[in-house]
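Student: Mind docking chain U on chain B? Use the hints.
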Amino acid sequence: MNMGNLKQPDTRTAPQFRVNFSSGFILLFAFIYFFDQSGFLSALLPAVLVHELGHVSAMRMFGAYPTKLNATLSGFALDYSGDLNERQEILTAIAGPAFGFVFSILCAKTGTLRNNEYLLMCAGLGFILNTFNLLPAKALDGGRILYFALMSAISAKFAQIAIHISGLLISGLLIAAGLYCIAKNYGFSLFLAGIWLFILQQNKSCK
Amino acid sequence: MKIRTIIAALIFLGLSAVKFMLPEKAAEMRGYIIPAISRDISIRDDIIALGRAISSGGNYIYVWEHWIKGENEESEHSEPEDITESSVKSVSCDGFMLSEMVKQNLGGFEFSPAPPADEAAGETAENKNETPLSEQTSPPASSVPPSLEPSPPATAAPALNLSAKVDDFLHEQAAFADYAVPANVSYEAPVLPFEYAQPVIASVTSGFGYREHPIDGGVRFHYGTDFGVVDGDSISAFADGTAITVQEFDGYGLTVIIDHGDGFSTLYAHCSQILVNQGDKVKRGDKIALSGHSGRVTGPHLHFELMHSGKYLNPEFYF
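Quick mapping for you: the protein sequence lines, in order, are chains B and U.
For the first sequence, the working numbering begins at 1 and goes up steadily by one.
For the second sequence, the working numbering begins at 1 and goes up steadily by one.
Worth double-checking, as some hints may not be accurate.
Unchecked claim - Here are the simulated DSS-like cross-link-like pairs (lysine-lysine), alpha carbons at most 25 Å apart as the crow flies: (1) U:K311 / B:K109; (2) U:K2 / U:K165; (3) U:K2 / B:K68; (4) U:K2 / U:K25.
Bear in mind the hints are in silico, worked out from the structure with no lab data behind them.
For reference, chain B alone in the conformation it holds in the complex (with noise of 0.2 Å):
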């Protein structure tokens, strides 16, 4: 694995952060918001910034500058300005997870001693977020870590090949799963996010 410098020197100023939603994300914003009765949405918000922001300081550290928050359909990108090498686009897929469950375990602990539901379900949603975010499919946290250590390890080649049949396997299981769900009356929610991410594998590279 190339063990490049984690620091590159700062000779740039700071390009313009721009935030982009796309009509897909906001439709869909909307209906969930529409039909949203349990607060679900005040609650994720906070998981994902903070997941983000985890993204962003680890970014930040190796020098790199968030240029765009795109909100699409496939969820949240950002997209910077600076060299990463594979060791530290690894780390900073890895810091938005790691902040993630951080913030999950102090919202539990806190909604707990206080007995808080909101800090609970914004315990529970970073939860499964950050979880989901791991798993190692395309357009994923766990997807990327796993594409730039076999794009270090063996050949960027082969880690798209890995990456893409590691994503229509990870989707096909949760198809599956989410079959097995709906069949026992479980809800569409895993079946949707199975079929959410076999979709997300059709797009293109990670990078």
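Tutor: Relative to chain B, chain U alone:
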């Protein structure tokens, strides 16, 4: 792409406008669509239970059992299903072990495994030598108008009887010594600072506390007491108070919650009809609802909960 974004933004604004300006219409639309796309799981409760599990070193097994086995298994048994909300609170939060409490309270007793709580046979109530329900001070059950005069005062049970009931209960729960008492549950039996009466004249079909599910064998905590009633039976107020909540919940169905003051409140779930409005003052014995099978149940019953300052108490101590 800009046009798509604008259209999407307009749809968002439209839906938000409907949600804010026409809340009844929005609720009606959701009422049609949500049942079609959702199932009987209360996802919110699951997520809260997961949050509690993360903070504790305790009963993950219960959360796992709940997720795997769910709340929607059709029971071949005639007794009502446990309600979803129970699963939210069943995860241990502070590591306080039931076994420790049992040791502290039984002290000197020779442990003999209690029989599993067999709700169908109603053993729980019978074995405890409780006063038969019909002899307790309680309002008339069937189609009788709300009592205009106060029912005969229901005095608080003498301390000795409460203590005996607590001991009986702990002895029964000793079989579940490996399961921690949920943090929002108290096994104490405080003397109630008001007169009270049983909300229905019916036998207990499922008692408070840990119990083994008769079908799947999983252990669950039941936060209230289930009374075997049929659709349309009268449900009376446990004590004087104010109806602070009249609402339909996931799992609980049509529910009314009465605040009795001093931190005490009672909950009456799975009703077919609520006869009071939110904010109404009620007297002990007033008819407040009709029993039913709303929410996630497999048969009509009254699920009754007694709470004090956020802690669930065992209602059977007072019946």
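Student: Sort out whether K25 (chain U) lies within 25 Å of K2 (chain U), counting only the CA atoms.
Tutor: 31 Å, violated
Student: Starting from K2 (chain U), check that the Cα of K68 (chain B) is at most 25 Å away, please.
Tutor: Holds, because 18 Å separates the two Cα atoms, which is no more than 25 Å.
Student: Holds or violated: K311 (chain U) and K109 (chain B), Cα atoms, limit 25 Å.
Tutor: Within the cut-off at roughly 19 Å; holds.
Student: Does the structure keep K2 (chain U) and K165 (chain U) at a Cα separation of 25 Å or less?
Tutor: 70 Å, violated
In the structure shown, a violation is registered for the earlier hints numbered 2 and 4, in ascending order.
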